[in-house]
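**Q** So you can see what is in the structure, the chains are spelled out below.
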Amino acid sequence: MITHPTAPELIDSVIKFIEERAAPNLKDRDAFLARVAVNALGAVKRELEQGPAAEARAVERLRALLGRDGDFATLNAALCDGLADGGIDGSDPAVLAHLKASIIDQVRIDQPQYAGLKTLAP
Amino acid sequence: MQANDLQAALTAIAPQLGGTAITGLRRLSGGASQETWAFSLDTGRPLILRRKPPGTGSVTGLATPLATEAALIRAAAKQGAPVPEVLAICDPGSDVGEAYVMAAVEGETLGKRIARDDNFAAIRPKLAFQCGEALAKIHAIPLDESLPPLNRSSALDELAKYEAVYRTLDARRPIFEAAFKWLKDKAPPLERPVMLHGDFRNGNLMFSPRTGLAAVLDWELVHIGDPAEDMGWICTASWRFGGAKPVGGFGDYADLLAGYEAAGGAPIALERVLYWQMLGSLKWGCMCLGMYASFANGTDPSVERAMIGRRTSETEIDLMALLERAQ
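Chains as they are written, first to last, in the numbering used here: chain A, 0 to 121; chain B, 8 to 334.
Do not take every clue at face value.
With a straight-line Cα cutoff of 25 Å, these simulated DMTMM-like cross-link-like pairs (lysine to aspartate or glutamate) come out [unchecked claim]: (1) B:K59 x A:D29; (2) A:K26 x B:E170; (3) B:K188 x A:D84; (4) A:K99 x B:E170; (5) B:K188 x A:D29; (6) A:K99 x B:E278; (7) A:K26 x B:D12; (8) A:K26 x B:E113.
Just so you know, the hints here were simulated from the structure itself, not pulled from any lab data.
None of these values were measured; they are calculated from a predicted model.
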């Protein structure tokens with residue numbers, strides 16, 4: 000909604016500040032934490048950009064899978080309960096397809112360079 | 008405790024370590040669940056302090072006292088496993104806190120460098136074999152009364168332990184649910200219990216670019232269990248750091264198993280290693296959530312603890328690949 004700057008632009012500016020101005024003055028554990036902070040901001044930026052569409056796709060799949068309506072948290076909890084009590088079969092291809100699509104979307108946000116992402120989504 | 012207080016407390020025990028003063032005390036990066044500090048004696052000998060963070064419980068409530076960890080390092084040394092010399096054990100009530108001091112070993116622990124850097128290229132083909140040898144020696148530690156009491160844990164026990172952690176954290180992760188179910192259905196019995204390191208993976212293994220495995224560190228999760236548990240853990244995908252090969256990103260299953268047998272370990276089936284590798288991904292996922300919880304409840308407000316929660320999804324994508332393969 001808000002532009003000039005957008006939220007991702009603000010995040011980029013903070014990443015640049017940490018990397019170019021702050022981090023060179025830090026050492027040992029603080030230098031390590033600065034790198035972690037940059038990674039955290041990267042994940043936030045990707046979540047802002049990709050998260051809403053990923054969640055909408057997950058809700059759509061969950062509605063079809065469970066045959067009911069609800070928001071993501073409700074439907075995801077119902078899936079978890081079903082998998083835990085055996086009411087939903089974890090080897091069902093439709094269940095596996097949903098789990099796979101969801102985790103690919105999530106790792107693209109959390110850690111797009113993770114090797115396991117390339118294994119599952121070449 | 009401030010670094011100044013720790014400096015004074017370590018100076019007070021310097022004679023026990025073989026010196027009269029200490030210099031260059033600094034906290035090392037990494038190490039989410041235990042503090043690691045480096046310092047030197049006035050003799051010049053470099054030492055490492057491993058200490059429980061003051062005022063905190065363990066991450067998962069499952070950790071071993073540091074005195075037990077130190078006793079096991081000494082027991083592993085007797086079997087010829089590569090471990091650092093333990094010089095002093097400090098009680099929880101001491102000025103240093105619950106800790107032990109050991110000799111610093113030179114080498115690299117960063118998985119990314121070991122799995123991918125050029126200076127490890129020559130030694131890399133030997134590392135998985137050496138890991139197998141070291142595990143056989145650790146697993147040969149006699150389970151007798153000279154050691155502190157340790158947990159004994161089968162695959163089902165491990166699953167119950169980490170499922171309990173997961174259930175208390177109020178996270179809803181459907182891949183974890185499917186993985187718990189699959190692993191419980193296929194759980195192997197504990198036929199031949201041995202002493203396990205319990206955390207044998209990149210990050211806890213010190214490698215030299217010239218000679219390979221130099222020291223097995225971080226004995227916090229030591230327990231008695233299935234020998235394939237330690238092998239599956241070093242093969243767990245989260246410890247590959249971009250390396251292409253399954254054993255720590257640097258080696259092949261066959262070399263790990265061959266090194267194990269060459270050093271006197273009883274043969275282990277690859278299938279059993281793969282089972283524990285999958286359990287390893289699930290376990291690390293629960294541990295990531297547990298470490299995030301210590302951020303969420305304010306115990307450790309660092310960005311490191313917050314971000315480790317976002318590593319849970321890497322274990323889920325690895326579990327997903329294993330679940331898919333198992334169909």
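**Q** With reference to the structure, classify each hint as holding or not holding.
**A** Cross-check of the supplied hints:
As the CA atoms of K59 (chain B) and D29 (chain A) are separated by approximately 19 Å, the hinted pair is consistent with the 25 Å bound. Distance restraint check for K26 (chain A) and E170 (chain B): the Cα-Cα separation of roughly 38 Å exceeds the 25 Å cut-off, and the hinted pair is therefore not satisfied. The straight-line distance between the Cα atoms of K188 (chain B) and D84 (chain A) is roughly 9 Å, inside the 25 Å bound, and the hint therefore holds. Distance restraint check for K99 (chain A) and E170 (chain B): the Cα-Cα separation of roughly 21 Å lies within the 25 Å cut-off, and the hinted pair is therefore satisfied.
Between the alpha carbons of K188 (chain B) and D29 (chain A) the distance comes to roughly 41 Å, so the proposed pair goes past 25 Å and is violated. Of the supplied pair hints, the one linking K99 (chain A) and E278 (chain B) holds, its CA atoms being roughly 24 Å apart against a limit of 25 Å. Only pairs whose Cα atoms come within 25 Å are accepted, and K26 (chain A) paired with D12 (chain B) is accepted, the gap being roughly 21 Å. Distance restraint check for K26 (chain A) and E113 (chain B): the Cα-Cα separation of roughly 21 Å lies within the 25 Å cut-off, and the hinted pair is therefore satisfied.
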